[in-house]
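Chemist: Chain order of the listed sequences is Z and L. For the first sequence, UniProt numbering begins at 1 and goes up steadily by one. For the second sequence, UniProt numbering begins at 1 and goes up steadily by one.
By construction, these hints were calculated from the structure, which means they are not laboratory data. All residues carry an ideal CB built from backbone N, CA and C; glycine is no exception. Relax, there's no trap hidden among the hints.
Here are some of the chain L residues that sit facing chain Z, going by a computed Cβ distance under 7 Å:
| no. | residue |
| --- | --- |
| 1 | 40 |
| 2 | 112 |
| 3 | 114 |
| 4 | 126 |
| 5 | 296 |
| 6 | 300 |
| 7 | 303 |
| 8 | 304 |
| 9 | 307 |
| 10 | 310 |
| 11 | 314 |
| 12 | 315 |
Now for the letters of each chain:
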Amino acid sequence: MVKEWFHKFSQSSRAQLFFIITYVLVTCLGLYLLEDSASAIFPFLLVLLSLLILYYMKINVKLKWAIGFIIIAVMIPLSASQGSNFQAFMDVGTLVLIYVAMSLGLNIVVGFAGLLDLGFIAFFAVGAYTYGIFGSKQANHFMPFGHYPLPGDTFWIFIFVGAIIAAIFGILLGIPVLRVRGDYLAIVTLGFGEIIRIVFNNMDHPINITNGSMGISQIQPPRIFGYPIDTPSEFYYVALFIFILVIYVVKHLENSKLGRSWKAVRDNEIAAQAMGIPLVKTKLAAFAIGASFSGMMGTVFAAKQMFVDATSFTYLESTMILVMVILGGMGSVPGVILGAAVVIILNNQVLTDLSNWMTSLSTAGILNVPDALSPSKMQRFIFGILLVVFALYRTQGLIPHKNKKVDAERLKREAAAEPPYGNSEAKTNLEGSDS
Amino acid sequence: MLQHIIQLLPQVLVDGITLGFVYAVVAIGYTMVYGILELINFAHGDIFMTGAFIGSGFLFLFISLGLMSSLPALLVFLIVIILSAMITGGMGVAIERVAYRPLRKRNAPKLIALITSIGISFILEDLVRFIAEWKTGNYIVTAPSLFNHTFTIDIHSIMPFFNNAKFQSSFIVVLVVTIIMLIGLDLFVNKTKWGMAMRAVAQDRETASLMTINVNRVISVTFFVGSALGGATGVLFMLQYGTIDPYIGFILGIKAFTAAVLGGIGNIRGAMFGGLMLGLIEMFAAANLSTLTGGLFGSEYKDVFAFIILILVLIFKPEGLFGKATIEKV
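Bound conformation, chain Z alone (with noise of 0.2 Å):
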């Protein structure tokens, strides 16, 4: 009975789309009335679960997009904008933006071109101290000319530099690393990586271009035909704005030439090798592209810290984001956002809250936990427990990957009802090349 009538709702779209619709609404009703009180969290992730909920459904693919897009940028900021969480909460959308297209950057390299990359973080790092330079005081240590800060129009342009400077570290690990194959290459980037670190820690001297591990401070807020962005809510449209970005060049990609070669490449360098594809154009472009997404939201993320050390950047992010993308799903675009999702909500909201329960439980004397139990603390322990369990139990993911199914029966279909000119044309060129 259930079954059935579940049968009937998948196969008809309006009553699908009157389900997300009513959803979204009662959830957003109640983020927005429960805003104030600490419960706030629950209608919260309601609203995002709508979002997954979408994935699911059977309703035009357009229609769709357009959906979450609504969801996103209009009904989630403006049902929770009436409370005093608002800046919080926004503060979240942004982070989980921010690595969503970070995990979607290591996804092209991890997932499609199964490079493993363990110093990913350091593209991020390259993107944030571009901007934190020079949209600081800090650029007047060393630079000849020009004067510092740079007003926060040019954060737009800081975007794209971000992420062509990050594509060119990007390439310059891939140079050598081209030669190094499996799990040398991990322990090279995990090198890499540190390295990236270190130096940013210490170039505080002969010249003083990071300063050290004082870090930048006082980072210009991007501005928009003079309206300065200074707060979370409004860093979430910009962050929004890229991830619409990121999100387009990876749909585009995985199913382009250069995303089935990276495929190719993965399952099998030497096979891939031998039917032509270019192997040191390929990884370098995998490289390339997924160093620039870190990139462009390392400018995003100096602008809205508006400091930039580089304690931000260790190992332990790394492997946050290589932790977001096995538990989506390597490969798997739709898994890998949500895999982001759920670690950075996990990660900021949902361990900070019980934490403070926890702490509240303890000072009112009902549960005594000891203060090194603390879940904010126990970050570690619970990605690793996440990274073994899912690489043990569920290699593909939350998501798995989908490869896009040719449906060969209409190909034939077409290839018989169109002339073959193709033929006729291979013809002529065969007997011009013999004349």
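Chain Z is fixed; fit chain L onto it per the hints.
Modeler: Just chain L, lined up with the frame of chain Z:
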């Protein structure tokens, strides 16, 4: 400048040899596992770290029981190091059972095993941090010292261009114990039946299993030996350097892996040599980098130095200094 470098040389040698032997023993753990499974066991550095913490835990226990005053320090040390080695060895076997064997059975890609080993390393780090913080209130632990008599080699009076070198009595302990371990391991691998089985499995797992070698058991023994050596080295590290925290294993592990690669991965004698060389290079860099570059780069770049060596070796001579180049078969 040269004079300054030469003056410091005896101290650099003493410090470099200490660190080098630590690297050498940890590198052996990497090289043995890699030789057999072709897996970088990221958790190995953290097993070393766990060994250090277990050792200090035993020392604290002995102090609270009042055994320290009644027993000679050397005996206490021997009990602690053997107990710690047994426990970490058991941990190594358990980790292999839980995290690597199921993957091997499934014939999963190597990438997946690497990821589980990273996960295990994170779990170990946080568990140790939790226990240390819970028991002592701080995860950075200062271990009780057993051997802290300071010696001075009065080399200055014989060769006036050298400065004197100082070392603690723990230096001698580290030196003697690591040399015993290295020789013991070399004999074990080259002279015993188990050692022969290990070499056979490393060479060709399938053929070895046809020759009635129980491959899974050999792998377990390898993990036991490697992890026990790693844990014992952790205890030595704690005695030598005093302060330990749960994150020492990560960076030391990478450097030990560098040492293993330097000597040719899978090659046990190579790993010993690579470790010693890396320790000397690192201490030399730490002491002289700022003199050599005229103050441009200080000793904070010594880690960068180790990583650059790793990357250069992997790019230009991936088979290491003593390894044989392999050809990938299709």
